[in-house]
Amino acid sequence: MNTSDFKYSSESAASAEKNANQQGRPHNERFPFQQQHPQATTHLMMKYSQLHVPILYGPQIPRQDRNDTRERYCRALLTLFVSWRSVTNLCDTNQTWKDAFKYRQHLISVHSWKIIENIQLLHECKKDRDDHLLQVISEAQVDNDTINPVLLLAKHDVHGEYDMDDSDDLLELLGNLDKYTTTAVNTTRKTTENKYIEETIEAVENVGRFNHTNTYYQSSSDISTDRTNRQLIPFLCATPHLVQLNTK
1 MNTSDFKYSS
11 ESAASAEKNA
21 NQQGRPHNER
31 FPFQQQHPQA
41 TTHLMMKYSQ
51 LHVPILYGPQ
61 IPRQDRNDTR
71 ERYCRALLTL
81 FVSWRSVTNL
91 CDTNQTWKDA
101 FKYRQHLISV
111 HSWKIIENIQ
121 LLHECKKDRD
131 DHLLQVISEA
141 QVDNDTINPV
151 LLLAKHDVHG
161 EYDMDDSDDL
171 LELLGNLDKY
181 TTTAVNTTRK
191 TTENKYIEET
201 IEAVENVGRF
211 NHTNTYYQSS
221 SDISTDRTNR
231 QLIPFLCATP
241 HLVQLNTK
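Residues 1 to 248 in the UniProt record's numbering are what the sequence shown lists, from first letter to last.
Quick caveat, the hints were computed from the structure, so don't treat them as lab data. Ideal placement from N, C-alpha and C gives every residue a C-beta, glycine not left out. One or more of the hints may lead you astray.
[Unchecked claim] Computed beta-carbon distance windows for the label pairs:
no.: 1; residue 1: TYR196; residue 2: SER138; range: 47 to 55 angstroms
no.: 2; residue 1: ASN194; residue 2: TRP113; range: 25 to 33 angstroms
no.: 3; residue 1: THR200; residue 2: ARG129; range: 39 to 47 angstroms
no.: 4; residue 1: ASP65; residue 2: GLN36; range: 18 to 26 angstroms
no.: 5; residue 1: HIS132; residue 2: GLN34; range: 47 to 55 angstroms
no.: 6; residue 1: ASP92; residue 2: GLU117; range: 22 to 30 angstroms
no.: 7; residue 1: THR41; residue 2: LYS102; range: 34 to 42 angstroms
no.: 8; residue 1: TYR103; residue 2: ASP130; range: 16 to 24 angstroms
no.: 9; residue 1: HIS132; residue 2: PRO59; range: 23 to 31 angstroms
no.: 10; residue 1: SER138; residue 2: GLU198; range: 48 to 56 angstroms
Work out the full structure: start from the sequences and follow the hints.
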């Protein structure tokens, strides 16, 4: 507890008339712990002006349709959306969390059920998003039958679950996807400008006006050099020697 908390506690006994005449933003309501609580003298509970859902330590809430994590799913929902002071308020001795959730789910409010539905909807959206991204990545890998591991999310598991704060990973994934897609397209397709330059140089060479040119050939095979595989450098510096040769 800080100074503001102690001040609020000391003023809690003030008359209602004094509080009604108070100007400015009202204080958040504060509630002390019970005396037997180990942090009763150092901590208190604050009621927010807007509804908040706390975040549990550890992995996120799993999908509701997974049998292997059903116990963890039920335990998380009971912990978040049912009032309790001890674990026995949520689950009886020798009772599974699945059974405890079945017998206590009527205690969850309508508003809380909407939040639970949104949690499952978030899982479905992530699954659809990942399927779409994998499809785009597969189409971008035109020269390779395998997907580059760099383009896969590091936090992805076999059931499609992620940490809640994975926006940075998604941005990195989209950046890598754009880079690799651009590289694949550039290596497999010729742009209109390159085609125009190649046709122009070919026409000039066929005329025979310039017999001395700087042309760099790059072969894709050690056996022969194909004209379509040569790398053309369209803008070259005219050296004095080339000028003299071409003006003869």
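Tested hints:
1. TYR196 - SER138: 47 to 55 angstroms: Hint violated: Cβ distance 32 angstroms, outside 47 to 55 angstroms.
2. ASN194 - TRP113: 25 to 33 angstroms: violated, 60 angstroms
3. THR200 - ARG129: 39 to 47 angstroms: holds, 46 angstroms
4. ASP65 - GLN36: 18 to 26 angstroms: violated, 41 angstroms
5. HIS132 - GLN34: 47 to 55 angstroms: holds, 51 angstroms
6. ASP92 - GLU117: 22 to 30 angstroms: holds, 27 angstroms
7. THR41 - LYS102: 34 to 42 angstroms: holds, 39 angstroms
8. TYR103 - ASP130: 16 to 24 angstroms: Taking Cβ atoms as reference, TYR103 and ASP130 lie about 35 angstroms apart, which means the hint is violated.
9. HIS132 - PRO59: 23 to 31 angstroms: holds, 25 angstroms
10. SER138 - GLU198: 48 to 56 angstroms: For GLU198 against SER138, whose Cβ atoms are near 31 angstroms apart, the range 48 to 56 angstroms is violated.
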